[in-house]
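Engineer: The listed protein sequences derive, respectively, from chains A and B. At position 175 of the first sequence (counting the first as 1) the number is 175 in the working numbering, and the numbers step up by one without a gap. At position 134 of the second sequence (counting the first as 1) the number is 310 in the working numbering, and the numbers step up by one without a gap.
Note that these hints are calculated values from the structure, not bench results. Keep in mind that a hint or two might mislead.
[Unchecked claim] Just a few of them, taken from the derived set where beta-carbon distance is under 10 Å, the chain B residues facing chain A: (1) R189; (2) R191; (3) M192; (4) L194; (5) G196; (6) D198; (7) D200; (8) I201; (9) R202; (10) S204.
Glycine included, each C-beta is placed from N, C-alpha and C at the ideal position.
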Amino acid sequence: MHGALPIADDERPEVSMEPSERIRAIYDDEWKRLWAFATLITGDLSSGEDLAQSVFEAALRQEREHPGYLRNPAWPWLRMAAIRLATRQRQRVRMQLDRFRLLAAEAAEPAWRTDTVDIVRALRRLPPRMRMCVVLAYLEDQSTAAVAEALGCAPKTVENQLREGRRRLRSLIGPR
Amino acid sequence: MSEQEPTEFEEARLRMLLHGADDDIRTSRSARFNRRRGGRPVAVVALTIVALAASAGTGFAFGRSVPATTTTTQLSALPLEPPIIELALQQMLQLHDPDIVVRIDSITVKYVTDQEFTHAISSAWKTDNPAACGTFSGPTGAVGHWYVVDLHGKFVAESGVPTKYASVAVVMVPASDLRTYLQSHLPSVPGARPGQPTPESVTAVSSNFGFPPIGTDGQPLCWSLLPNS
């Protein structure tokens, strides 16, 4: 189901820590990575932060209900949860609206390099699914099949989205 | 030169740019934890549209209860011009999000204080938990005045089919800067004078409070905590 969170495999680690401690350890290791990933797929630092927090809230709930739920490494689960949370119905509408809202918001942080400002601004101009395809394929190095599975669409769709995404980004960023 | 080469070049460039962005974002400061009440140097702008599948398509109304400890400022007392806001919102929505907005029939601008709004949106917005109505665990530094905009019109449903909805949009801007902000983004707004927008109006920081959960009556939970000004 597209809107469901990913289900961890049966191979679970030894449960030696309290759920909150385990999530805290994962948080310490993966928070910044997840925040960056979520920022790139939502196109906005604050939205990315919200999404990343939602993922950890979901992780904590799962870990409390099913100790040892998250396998090591936790990153694939976190990434998939971010994708699926972001594509849930309410989130989908919200992200579309964010496209509008983002037009009024500054994309850049003062410390970001010019290239980062350019790519973040360009990414936020893409439709959400196209943006996810680009980030999953070129930041996360996921295969077309893996991206298609994560987004619940056909591989051919992913190929088309990537092709169109490259074309739009080329026109937005410009050739160099 | 084959077609494959430019594609690979582009892909390599995208990888480089995304990894560079990834590095930069990881070193960013959280806007949430750096907010200071009364001290934020930038305007806060948030626009949230809550599409409610109202059966009749119109007639959505705010609840009538008002938190006893808060005050409500009437719209007429504010330094704003509703027609400008309405036109600007209509233009912005239609220009920038035609996927959702087909037509806006009417817009009603209401006003609430930040205290009222943060109280009303509450933790229920984040948790989908009706029991959390009236509580608030988010950033306490919300600074500004909320314009609650009641949108009636025709919108595109999730199915992609245009349907009638009653919707609510919430715009949060400093009251004194609203006109400047809109004009700086929409020079075609009547009465707008080309000019240098203020730093506040340009450097807007989004404040994402999320969508309210929808109750069984089709209305956003906790929405009744907003004043019916």
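Engineer: Now, for every hint given, state plainly whether the structure supports it.
Structural biologist: Here is what the structure says about each hint:
{"no.": "1", "hint": "R189", "verdict": "holds, 7 Å"}
{"no.": "2", "hint": "R191", "verdict": "holds, 5 Å"}
{"no.": "3", "hint": "M192", "verdict": "holds, 8 Å"}
{"no.": "4", "hint": "L194", "verdict": "holds, 4 Å"}
{"no.": "5", "hint": "G196", "verdict": "holds, 5 Å"}
{"no.": "6", "hint": "D198", "verdict": "holds, 5 Å"}
{"no.": "7", "hint": "D200", "verdict": "holds, 4 Å"}
{"no.": "8", "hint": "I201", "verdict": "holds, 4 Å"}
{"no.": "9", "hint": "R202", "verdict": "holds, 4 Å"}
{"no.": "10", "hint": "S204", "verdict": "holds, 5 Å"}
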